[in-house]
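Engineer: Sequence:
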Amino acid sequence: MIDRTRLQTDFSLKPAISKMCRLASSSSGSSSIANRLHAILRVSTGVIFISFVLFTGYMVLSKYQDTVQRMRSLASILAINSEASLIFTDKTSAEENLRSLSAIAEVSGAGIIQADGNTLAEYAATPHFAQKLPLAMRNLLDRLSIGKLHLEQPVLAPSRPQRSTRESKRQVIGLLWIEADLTGDWLELATVLGIFIPVMFGIYSLSRMLNNRLAYSVVKPLEELAETALEIGQKRNYDRRMLPHPNITELNAVVNGFNQMLEQIESRDKELQNRRDQLQQYNEELKDFSYIISHDLRAPIINVQGFVNELGLSLEDLRKLLDTEMAPMPGHKKAALLNILNEDIPTSTRFITGGVAKMNQLLAGILKISRLGRQELNIGIVDTQRLVNDNIEAIKYQSTQAGAKIQVEPLPQVEADPDLLSQIFANLLSNAIKYLDPKRPGRIQIWADDQGDHFRFFVKDNGLGIPEKDQKRIFEMFRRGSNHKLEGEGIGLNYIKSAIKRLNGAIALESIAGQGSVFSFTLPKASS
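Residue numbers for the sequence shown follow the working numbering, so the first one is 467 and each next one is one higher.
Rather than coming from a laboratory, the hints here were simulated on the basis of the structure. Small disclaimer: the values here were computed from a predicted structure and weren't measured. Any given hint could be a false lead.
As the list claims (entries may be wrong) - With a cut-off of at most 35 Å between alpha-carbon atoms, the simulated DSBU-like pairs for lysine-lysine come out as follows:
| hint | residue 1 | residue 2 |
| --- | --- | --- |
| 1 | Lys900 | Lys871 |
| 2 | Lys963 | Lys736 |
| 3 | Lys871 | Lys926 |
| 4 | Lys871 | Lys935 |
| 5 | Lys926 | Lys991 |
| 6 | Lys926 | Lys905 |
| 7 | Lys900 | Lys938 |
| 8 | Lys529 | Lys614 |
| 9 | Lys799 | Lys871 |
Stated by the list, open to error - Label-pair restraints from in silico Cβ distances:
| hint | residue 1 | residue 2 | range |
| --- | --- | --- | --- |
| 10 | Ile978 | Gln917 | 20 to 28 Å |
| 11 | Gln879 | Glu776 | 48 to 56 Å |
| 12 | Ala974 | Asp810 | 19 to 27 Å |
| 13 | Pro933 | Glu842 | 34 to 42 Å |
| 14 | Ala972 | Ser673 | 54 to 62 Å |
| 15 | Ala692 | Ala972 | 28 to 36 Å |
| 16 | Pro878 | Pro904 | 41 to 49 Å |
| 17 | Asp915 | Arg706 | 37 to 45 Å |
| 18 | Lys991 | Pro766 | 43 to 51 Å |
| 19 | Ile978 | Leu803 | 56 to 64 Å |
| 20 | Ala569 | Phe515 | 36 to 44 Å |
| 21 | Ile767 | Gln917 | 43 to 51 Å |
Backbone N, C-alpha and C define an ideal beta-carbon position, used for all residues, glycine too.
Given these sequences and hints, build the entire structure.
Structural biologist: And the structure:
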């Protein structure tokens, strides 16, 4: 007897769909659009295949259930018609009853068995459609026990009226068996498969051809466009151009727009480079001019200071000569002359001396900054930990006098000019001590943070702080904060900013008036 459970295949979509989704996901992880199109094609083909398997399975199961139901109905009718033949052991009537099955193509055999086990009548036939299947396939179906359907139906004795309300059980007087050939069902399935497989292969081949055509005509140009954009972004070669592609209007519009963008970028890049060259030339000229002015003006300033000193000595000689001449003078003239000699002229010379000294300091600052832009850097690996400790030791007297405590965390190695970097830390530490608040103990902290391709160094103090309105201008030359009680010419921070810029870094400031300041600057890491 056929095992019905063998035909109940697991048609769950979940395992197959999950596998295809993982395949599509792995393909979509690639940067190639063509791989994604192939993944979509494979998933679509898989969905169609699974749909066909489900449909075929449903059709086979429905056909089998329908055959079982018809055979059971037929067996029930034959069992009723065979009651008389079994009761009277009428073999002729039983055979005629079974021969009526010849009109049903699926029935391959039937029989009536008496209660004692003897066969009363049998029927055997070969359905005409079974001959359409190859012998090997028929044998395979038989070995798999799915080529035949065997059903048995007991034959009961006729029921009799009973006086009691309870009916007695009907007696089994025989057995009817019937066998159906399922070859027709499998032939129908084979026909469907024979049609579907070529159609499925044709659809897949056509889809693959269209997919390859799409990949060649659309995806490949887009990949070339992406590769060109990446190359331009890395090498900044803006003179590259993309060639248009025939018969693709939308793609040509993208290519034309991309080329126009490159033309604009190239034009702006050239203009920007020209402006950079001009600016660099102006800076060089300005540096030369600053150097010449600061260097050449110092000679006349020194001469003025020398003449002022000579004027002081001449004034002393004049005072000695006038001592003998002032004796006969009236008192008011003598007092007026002494006021000129002792008050007016010394006061004027002091103003001249102070102005000359201030001018000399400013010219020295300008000369220092102009020399910074002209001097050649000696870039090397610098141990900032050791450099900062040396600077702290150099200003130990000033920090002790100011009652300042300096805390230094571990500092890294960087690529820089050691002398220039030493001057940067020296200026920052000197300013931190200079602008400490005398009302509270001074505290200065130095540390560094790793920020990827560079380090950021911090110098923090708890001093007077810088008002917000002064924070933007203190890095300008000759500009100072609001606290003018402390001496200074307003050049130190401008020098620090220029020095850090020469080392490919940048400086920043965070400050709160009355609480302190944090100066920070970046420097590139030491190359390995």
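Engineer: Go ahead and decide if the range 43 to 51 Å is satisfied by the Cβ distance of Ile767 to Gln917.
Structural biologist: holds, 45 Å
Engineer: Are the Cα atoms of Lys799 and Lys871 separated by 35 Å or less?
Structural biologist: Distance of about 62 Å is beyond 35 Å: violated.
Engineer: How does the Cβ-Cβ distance of Ile978 and Gln917 compare with 20 to 28 Å: does it lie in that range?
Structural biologist: This hint holds: roughly 24 Å between Cβ atoms.
Engineer: Kindly confirm whether 43 to 51 Å is satisfied by the beta carbon distance between Lys991 and Pro766.
Structural biologist: holds, 47 Å
Engineer: Mind checking the hinted window 37 to 45 Å against the Cβ distance between Asp915 and Arg706?
Structural biologist: Holds, since Asp915 and Arg706 (Cβ atoms, about 39 Å apart) stay within the stated range.
Engineer: Assuming the hint says 36 to 44 Å, is it satisfied by the Cβ distance from Ala569 to Phe515 or not?
Structural biologist: Given range 36 to 44 Å: holds, Cβ gap about 40 Å.
Engineer: With a cut-off of 35 Å on the C-alpha distance, tell me whether Lys871 and Lys926 pass.
Structural biologist: Holds, at about 12 Å.
Engineer: Would you say the C-beta atoms of Ile978 and Leu803 sit inside 56 to 64 Å of each other?
Structural biologist: holds, 58 Å
Engineer: Taking the Cβ atom of Gln879 and the Cβ atom of Glu776, is their distance within the range 48 to 56 Å?
Structural biologist: With Cβ atoms ~55 Å apart, the hint holds.
Engineer: With the threshold set at 35 Å, check whether the alpha-carbon distance from Lys926 to Lys991 stays at or below it.
Structural biologist: Holds: Lys926 and Lys991 sit about 22 Å apart, inside 35 Å.
Engineer: Holds or violated: 34 to 42 Å for the Cβ distance of Pro933 and Glu842?
Structural biologist: Given about 39 Å between the Cβ atoms, the range holds.
Engineer: Straight-line Cα separation of Lys900 and Lys871 no greater than 35 Å?
Structural biologist: holds, 13 Å
When the structure is compared with the earlier hints, violations turn up for hints 9, 12, 16 and for no others.
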